[in-house]
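A.B. asks: Sequence:
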Amino acid sequence: MTTTVFGHRGIPEKYIENSMSGFKYLADHGEAVEFDVHLTKDLIPVIMHDEKIDRTTNGSGYIKDFNYEELKSFQLINDVNREQQLVQENEGIPTLDDVLAVFSDTQIQLNIELKTDNFDYSGIEKIVLNTIPHFHFDQPVIFSSFNIDTLDRLYAIDQTLNLAYLSEQPVNDFFHFMQAHHLNALHPGLEGVQDGDVIQRVWTVNEDGELAKLIDLGVAGVFTDDFVHAMQIRNCRG
600 MTTTVFGHRG IPEKYIENSM SGFKYLADHG EAVEFDVHLT KDLIPVIMHD EKIDRTTNGS
660 GYIKDFNYEE LKSFQLINDV NREQQLVQEN EGIPTLDDVL AVFSDTQIQL NIELKTDNFD
720 YSGIEKIVLN TIPHFHFDQP VIFSSFNIDT LDRLYAIDQT LNLAYLSEQP VNDFFHFMQA
780 HHLNALHPGL EGVQDGDVIQ RVWTVNEDGE LAKLIDLGVA GVFTDDFVHA MQIRNCRG
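Each step along the sequence shown adds one to the number in my numbering, with nothing skipped, and position 127 is 726.
Derived pair list, reagent style SDA-like, types lysine to any residue, alpha-carbon separation capped at 25 Å: (1) LYS640 to ASP716; (2) LYS812 to ASP794; (3) LYS812 to ALA784; (4) LYS613 to GLU682; (5) LYS651 to ASP696; (6) LYS623 to HIS648; (7) LYS640 to GLU690; (8) LYS663 to ASP748; (9) LYS613 to LEU685; (10) LYS663 to HIS648.
Label-pair distances were calculated between CB atoms; the ranges are: (11) MET600 to GLN687: 33 to 39 Å; (12) GLY660 to ASP737: 34 to 40 Å; (13) ALA700 to GLU790: 33 to 39 Å; (14) LYS671 to GLY817: 42 to 48 Å; (15) LEU642 to LYS812: 37 to 43 Å; (16) ASP697 to ASP737: 16 to 22 Å; (17) GLN758 to ILE676: 40 to 46 Å; (18) HIS628 to ASN657: 26 to 32 Å; (19) GLU790 to LYS651: 21 to 27 Å; (20) HIS828 to MET600: 17 to 23 Å; (21) ASN771 to SER721: 27 to 33 Å; (22) HIS628 to THR759: 29 to 35 Å.
In short, the hints are calculated from the structure, not lab data. Just so you know, even glycine gets a beta-carbon here, dropped at the ideal spot from N, CA and C.
Throw the hints in and build the complete structure from the sequences for me.
C.D. replies: The following block contains the structure:
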């Protein structure tokens with residue numbers, strides 16, 4: 600099995616994470632993308648990893664406490680640990696529609712993480728699913744979450760969805776767990792990779808040795824902050 604390389608939040612080694620610049624670069628050069636969705640106070644799905652805007656914008660506070668019009672007043676800034684990131688002037692927090700439009704009619708595989716592990720945004724599942732049909736994707740969108748209730752609600756809405764459970768540690772009796780929750784895959788952290796016949800996409804893999812090991816193992820996918828470098832490693836390993 601060829602390991603698919605997912606740009607984790609775009610390409611944070613080059614552009615600020617979850618920025619339109621990073622997503623556009625990935626749409627032109629990559630093969631798969633992962634990003635996180637939250638809901639604003641007025642129920643607009645927006646793309647950011649953290650529940651708070653403090654780390655990657657010039658503002659402060661929880662996404663859930665802002666209306667989208669209020670969020671539009673903030674701009675993305677460099678991660679303090681990645682000053683080399685390229686930032687476009689006055690680049691704001693993208694909506695789900697903004698990002699889906701970038702990847703619509705491309706060959707890019709999408710993984711949408713519903714970021715409900717800390718806040719269980721009411722209605723996020725239906726809101727996200729209602730957005731997808733406005734765009735065209737050649738491959739089924741992967742939906743993932745650390746919150747199994749979120750995945751159960753997604754399945755209740757649409758039994759055909761491609762669902763994946765995020766975990767840091769190995770999942771006990773994973774075969775039964777996946778059947779019980781109608782899952783297509785597990786998305787473990789490095790400590791959670793499991794033996795057995797199961798689709799695994801592993802996060803977040805940035806070290807060359809770990810990338811090579813997982814590619815040789817034949818995992819279905821890896822999430823990485825520099826998809827260009829990871830694809831080079833995979834291609835060099837044949």
